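Q: Produce the complete structure using the sequences and hints provided.
Protein chains in written order, with my numbering: chain X, 207 to 584; chain E, 207 to 584.
It is worth saying that the hints were derived from the structure and are not from the lab. Treat the hints loosely; a few may be bogus.
[As the list claims (entries may be wrong)] Listed below are the simulated DSSO-like cross-link pairs for lysine-lysine, each with C-alpha atoms no more than 30 Å apart in a straight line:
no., chain 1, residue 1, chain 2, residue 2
1, X, LYS504, E, LYS348
2, X, LYS231, X, LYS347
3, E, LYS274, X, LYS445
4, E, LYS347, E, LYS274
5, X, LYS227, E, LYS414
6, E, LYS348, E, LYS445
7, X, LYS441, E, LYS534
8, E, LYS530, X, LYS231
9, X, LYS414, E, LYS414
10, E, LYS227, X, LYS467
11, E, LYS445, X, LYS504
12, X, LYS451, E, LYS504
13, E, LYS449, X, LYS227
14, X, LYS441, E, LYS530
15, E, LYS270, E, LYS414
16, X, LYS445, E, LYS348
17, E, LYS451, X, LYS231
18, X, LYS338, E, LYS451
19, X, LYS534, E, LYS441
20, X, LYS292, X, LYS510
21, X, LYS338, X, LYS227
22, X, LYS445, E, LYS534
23, E, LYS247, E, LYS231
24, E, LYS231, X, LYS451
25, X, LYS504, X, LYS338
26, E, LYS445, X, LYS231
27, E, LYS270, E, LYS338
28, E, LYS504, X, LYS449
29, E, LYS467, X, LYS227
30, X, LYS227, E, LYS451
31, E, LYS441, X, LYS504
32, E, LYS534, X, LYS451
If you're wondering where the values come from, they're calculated on a predicted model, not measured in any experiment.
Number of protein chains: 2
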Amino acid sequence: MEYVETKFVTFCQPPNELVLKSGFKLGPITIAYETYGQLNKDKSNAILVFHALTGDAHAAGFHKDVKKPGWWDDMIGPGKAFDTNKYFIISSNVLGGCKGTTGPSSINPKTEKPYGLSFPMVTIEDMVAAQKLLVEYLGIKKLLCVAGGSMGGLQAIIWAVNYPDLMNSCILVATNTRHTAQQIALHEVARQAIMSDPDWQNGDYYGKSIPVRGLSLSRMIGHITYMSEQSMEEKFGRKLIGKEKLGYDFSHDFEVENYLKYRAGNFVQRFDANSYLYLSKTLDYFDLAADYNGDLTKAFASAKCSFLVISFTSDWLYPSYQSKQMVKALKANDLDVSDIEINSSYGHDAFLVEVEGQSKLISHYLARIEKQNTHGKR
Amino acid sequence: MEYVETKFVTFCQPPNELVLKSGFKLGPITIAYETYGQLNKDKSNAILVFHALTGDAHAAGFHKDVKKPGWWDDMIGPGKAFDTNKYFIISSNVLGGCKGTTGPSSINPKTEKPYGLSFPMVTIEDMVAAQKLLVEYLGIKKLLCVAGGSMGGLQAIIWAVNYPDLMNSCILVATNTRHTAQQIALHEVARQAIMSDPDWQNGDYYGKSIPVRGLSLSRMIGHITYMSEQSMEEKFGRKLIGKEKLGYDFSHDFEVENYLKYRAGNFVQRFDANSYLYLSKTLDYFDLAADYNGDLTKAFASAKCSFLVISFTSDWLYPSYQSKQMVKALKANDLDVSDIEINSSYGHDAFLVEVEGQSKLISHYLARIEKQNTHGKR
Chain X
207 MEYVETKFVT FCQPPNELVL KSGFKLGPIT IAYETYGQLN KDKSNAILVF
257 HALTGDAHAA GFHKDVKKPG WWDDMIGPGK AFDTNKYFII SSNVLGGCKG
307 TTGPSSINPK TEKPYGLSFP MVTIEDMVAA QKLLVEYLGI KKLLCVAGGS
357 MGGLQAIIWA VNYPDLMNSC ILVATNTRHT AQQIALHEVA RQAIMSDPDW
407 QNGDYYGKSI PVRGLSLSRM IGHITYMSEQ SMEEKFGRKL IGKEKLGYDF
457 SHDFEVENYL KYRAGNFVQR FDANSYLYLS KTLDYFDLAA DYNGDLTKAF
507 ASAKCSFLVI SFTSDWLYPS YQSKQMVKAL KANDLDVSDI EINSSYGHDA
557 FLVEVEGQSK LISHYLARIE KQNTHGKR
Chain E
207 MEYVETKFVT FCQPPNELVL KSGFKLGPIT IAYETYGQLN KDKSNAILVF
257 HALTGDAHAA GFHKDVKKPG WWDDMIGPGK AFDTNKYFII SSNVLGGCKG
307 TTGPSSINPK TEKPYGLSFP MVTIEDMVAA QKLLVEYLGI KKLLCVAGGS
357 MGGLQAIIWA VNYPDLMNSC ILVATNTRHT AQQIALHEVA RQAIMSDPDW
407 QNGDYYGKSI PVRGLSLSRM IGHITYMSEQ SMEEKFGRKL IGKEKLGYDF
457 SHDFEVENYL KYRAGNFVQR FDANSYLYLS KTLDYFDLAA DYNGDLTKAF
507 ASAKCSFLVI SFTSDWLYPS YQSKQMVKAL KANDLDVSDI EINSSYGHDA
557 FLVEVEGQSK LISHYLARIE KQNTHGKR
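A: And the structure:
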């Protein structure tokens with residue numbers, strides 16, 4: 207078995223820092239990334255994929271001595287939707303993350319201490335600007351496709367809008383163009399949970415106790431929003447845990463309670479609380495049409511590539527009506543758009559678990575894009 | 207202006223304690239209650255109303271020196287849905303609450319200290335058993351109606367099923383017959399938020415610092431679930447608070463963030479964290495058909511009265527499909543059932559704010575019940 211490894215590359219050494227949307231300058235910026243498959247001779251088979259809120263660069267394959275594959279391994283690999291026999295897939299950890307790319311837990315070279323809350327706020331535009339440096343570094347002039355779900359979709363949108371000449375196609379899964387009041391509210395509760403944990407210490411907890419309780423609560427809220435009412439009911443219903451009847455006390459009674467605890471327990475071991483704060487804010491700040499008085503058609507006017515837009519019926523975190531608004535705006539710009547709402551009970555998680563339906567759609571779509579690309583060049 | 211006052215009555219003096227569903231014996235039990243309107247000569251015009259999770263006995267009218275009326279004042283009063291010119295309305299604080307009825311913040315006479323976590327777990331059945339003592343104490347043999355929304359609806363259901371001869375009718379608003387995995391999960395996050403607050407101190411915080419942070423988080427989560435995505439979007443959208451542009455820091459940017467903070471701030475001043483723990487568990491434990499293998503028709507077999515069932519299209523906390531299942535089971539028992547799903551964007555809050563539609567329905571329904579009742583007696 208061939209293992210994959212995360213690689214690292216550093217850009218923006220002072221005084222050549224990256225100027226963020228906020229005006230703040232950030233550098234150096236290290237990017238953690240992985241690649242799968244082989245880049246072809248004319249470098250025309252590269253696909254850049256983006257992870258969601260708590261993902262990382264490890265999208266596919268296995269790291270040595272780790273049992274679990276990358277987060278999108280169902281979709282990336284030989285013969286899979288993103289077929290590594292054909293395509294060269296690039297995945298990187300986002301700016302502000304905590305898995306190798308510069309973020310609040312990174313050492314600030316000026317102070318030789320972790321940034322903590324002195325890390326600047328990053329936007330989707332900033333994440334994408336950093337990814338562009340990586341793509342240039344890899345010698346790729348034009349991507350065959352940019353693709354992502356959830357927060358990954360926001361990155362794909364900004365690629366398509368800010369660098370319209372740098373890709374042939376864009377795949378958007380379970381995503382949207384602006385965060386609604388409900389989405390902001392859910393994030394705000396998660397942030398308050400972290401920030402009200404005494405161990406958070408205004409973000410200066412590195413090397414001390416981490417804010418386990420607050421981060422756990424954030425993740426529990428998250429998990430409820432990733433599933434649907436139906437999928438929770440089907441998976442757990444009112445099943446009791448290891449007892450015949452209700453306990454009439456405050457120990458756990460129901461399996462769903464234990465599930466939340468278990469998932470939160472895993473999460474706090476792998477994710478940085480400050481990164482959660484920053485990235486949730488990044489999502490809340492996202493509003494593609496903000497500079498266009500809310501006119502989504504104008505906001506997409508610069509885009510040139512082909513689009514595939516996928517949403518899921520039971521996704522209430524990124525409801526499919528948001529995808530439909532996006533599709534309408536793309537079509538109003540005379541762009542090539544394929545869109546589908548997949549019938550699924552899995553809620554927002556569907557973008558990770560509805561593998562079969564998505565695989566067919568994506569592999570056929572990519573084959574078409576590849577063909578058009580080859581024809582276009584002749 | 208005539209003010210209303212909360213009255214108090216105490217039952218179950220040892221050794222005559224109330225035997226709870228858990229088997230635990232509880233006594234004495236003080237019940238805080240209010241009444242509105244006049245009991246008629248033959249005591250046939252009494253209506254018992256029930257409050258929701260964080261409500262209290264003060265359903266209507268004004269307390270002296272308090273600007274805000276009772277929580278259902280839009281519906282209870284002269285000429286209103288529950289017309290105090292015609293009916294005698296009784297409202298009491300639930301067992302386990304913190305507004306005058308015995309609950310975890312009450313003094314345990316055996317220890318002369320607040321119960322805290324030594325308070326026994328209470329069920330909807332226990333709440334209703336305590337209310338029955340109050341109704342008997344008031345000399346009422348049969349209620350014209352039992353009525354409630356949300357957790358209040360659960361109490362109305364148990365009245366109708368456990369004491370079928372004691373009412374002519376039952377009004378159920380935005381309620382259900384069992385809590386789903388999602389509802390349990392949302393409550394569990396709220397409980398964990400309270401219990402992970404260091405000030406909670408295993409429930410023994412009375413006279414010390416109260417768990418403000420945990421209780422605030424619980425309420426923030428609650429408020430998101432009480433509204434709908436649409437009502438949050440209409441009320442707040444992405445409106446910024448007192449600033450022209452995003453702050454790029456962790457202060458609040460959006461009005462919805464401030465709203466949650468404001469509502470949570472009010473809540474922690476008026477509600478006891480342990481009561482929140484107990485009552486959320488009471489809700490999670492509720493499963494009407496648990497003893498009937500999930501057969502809702504059998505679970506309602508003892509009911510005799512007429513039913514009015516109201517639900518709201520955008521309520522995702524107590525979705526209307528749950529009301530429809532209930533209606534189906536009631537009809538299968540050949541009961542007189544009127545049901546309506548009101549078109550509303552207000553989410554679960556609709557049961558408190560959709561006054562006009564509900565008022566018409568309820569006043570007509572009660573007039574019919576009253577008429578049948580009078581005819582029946584001739």
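Q: Run every hint past the structure and note whether it holds.
A: Right, here's what the structure says about each hint:
1. LYS504/X x LYS348/E: Violated - the C-alpha atoms of LYS348/E and LYS504/X are around 66 Å apart, more than 30 Å.
2. LYS231/X x LYS347/X: The hint holds at about 26 Å.
3. LYS274/E x LYS445/X: 42 Å, violated
4. LYS347/E x LYS274/E: 33 Å, violated
5. LYS227/X x LYS414/E: 46 Å, violated
6. LYS348/E x LYS445/E: 52 Å, violated
7. LYS441/X x LYS534/E: 25 Å, holds
8. LYS530/E x LYS231/X: With Cα atoms ~57 Å apart, LYS530/E and LYS231/X exceed 30 Å; violated.
9. LYS414/X x LYS414/E: OK: LYS414/X and LYS414/E at ~28 Å, within 30 Å.
10. LYS227/E x LYS467/X: Status holds; Cα separation ~28 Å.
11. LYS445/E x LYS504/X: Satisfied, since the Cα-Cα distance of roughly 21 Å is no more than 30 Å.
12. LYS451/X x LYS504/E: Given pair LYS451/X, LYS504/E holds - Cα atoms ~21 Å apart, limit 30 Å.
13. LYS449/E x LYS227/X: It holds: about 17 Å lies between the C-alpha atoms, which stays within 30 Å.
14. LYS441/X x LYS530/E: 23 Å, holds
15. LYS270/E x LYS414/E: Holds - the C-alpha atoms of LYS414/E and LYS270/E are around 29 Å apart, at most 30 Å.
16. LYS445/X x LYS348/E: 38 Å, violated
17. LYS451/E x LYS231/X: 19 Å, holds
18. LYS338/X x LYS451/E: 27 Å, holds
19. LYS534/X x LYS441/E: 25 Å, holds
20. LYS292/X x LYS510/X: Since the Cα atoms of LYS292/X and LYS510/X sit roughly 24 Å apart, the hinted pair holds (cutoff 30 Å).
21. LYS338/X x LYS227/X: Judged against 30 Å, a Cα distance of about 15 Å means the pair holds.
22. LYS445/X x LYS534/E: 24 Å, holds
23. LYS247/E x LYS231/E: At roughly 36 Å apart (the allowed maximum being 30 Å), LYS231/E and LYS247/E break the hint.
24. LYS231/E x LYS451/X: 19 Å, holds
25. LYS504/X x LYS338/X: Holds: LYS504/X and LYS338/X sit about 24 Å apart, inside 30 Å.
26. LYS445/E x LYS231/X: Holds, because 28 Å separates the two Cα atoms, which is no more than 30 Å.
27. LYS270/E x LYS338/E: Holds - the C-alpha atoms of LYS338/E and LYS270/E are around 28 Å apart, at most 30 Å.
28. LYS504/E x LYS449/X: 25 Å, holds
29. LYS467/E x LYS227/X: Measuring from Cα to Cα gives roughly 28 Å; hence the hint holds.
30. LYS227/X x LYS451/E: The hint holds at about 12 Å.
31. LYS441/E x LYS504/X: Between LYS441/E and LYS504/X the Cα gap is close to 26 Å, so the pair holds against 30 Å.
32. LYS534/E x LYS451/X: 28 Å, holds
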